Amino acid sequence: MSQECIFCKIAAKQIPAQIVYEDEQMLVFRDLNPVAPEHVLLIPKRHIPSLRKMAAEDQPAVNAVMAAVPQVANLLGLTEAGFRLVTNTGEDGGQTVGHLHWHLMGGRKMTWPPG
Numbered sequence: 000m001s002q003e004c005i006f007c008k009i010a011a012k013q014i015p016a017q018i019v020y021e022d023e024q025m026l027v028f029r030d031l032n033p034v035a036p037e038h039v040l041l042i043p044k045r046h047i048p049s050l051r052k053m054a055a056e057d058q059p060a061v062n063a064v065m066a067a068v069p070q071v072a073n074l075l076g077l078t079e080a081g082f083r084l085v086t087n088t089g090e091d092g093g094q095t096v097g098h099l100h101w102h103l104m105g106g107r108k109m110t111w112p113p114g
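Every letter in the sequence shown is one number past the one before it in numbering that gives the first Met the number 0, and letter 18, counting from 1, is 17.
No wet-lab data here; the hints were simulated from the structure.
A couple of the hints might just be wrong.
Here are the computed lysine to any residue pairs in the SDA-like style, where the Cα-Cα straight-line distance is at most 25 angstroms [said to hold, decoys possible]:
id	residue 1	residue 2
1	K108	Q94
2	K12	Q24
3	K52	L74
Every value quoted in this text rests on a predicted model; they were computed, and no experiment measured them.
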């Protein structure tokens, strides 16, 4: 855990969040600034700064997040209509929190390109 990381603090329950799903390796909570009717963040509890900083020992945590995506989408009622899963990496990629995370969004038709 990084002492300064807001997502680490959420995972440690030091900062409240609307938790949708949780297991030993990951946490899913509602985005504070949703851009779709359903918009949650999926984070590994292990602090990983970004995809480009990922190490071999981080792979199980990332696998756990990816394996949970269908279950989380189902919990949110997004399985039939579809959803978008996005991770931003680095400043140019739009990453604003230095903790690897994915945005799962749905509940409306998504457009392309995203921005």
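So, going through the hints one by one against the coordinates:
1. A distance of roughly 23 angstroms separates the Cα atoms of K108 and Q94; the hinted pair therefore holds under the 25 angstroms criterion.
2. Under the criterion of a C-alpha separation no larger than 25 angstroms, the hint pairing K12 with Q24 is consistent with the structure, at around 14 angstroms.
3. Using a Cα cut-off of 25 angstroms, the hinted pair K52 and L74 is violated, with the two alpha carbons roughly 30 angstroms apart.
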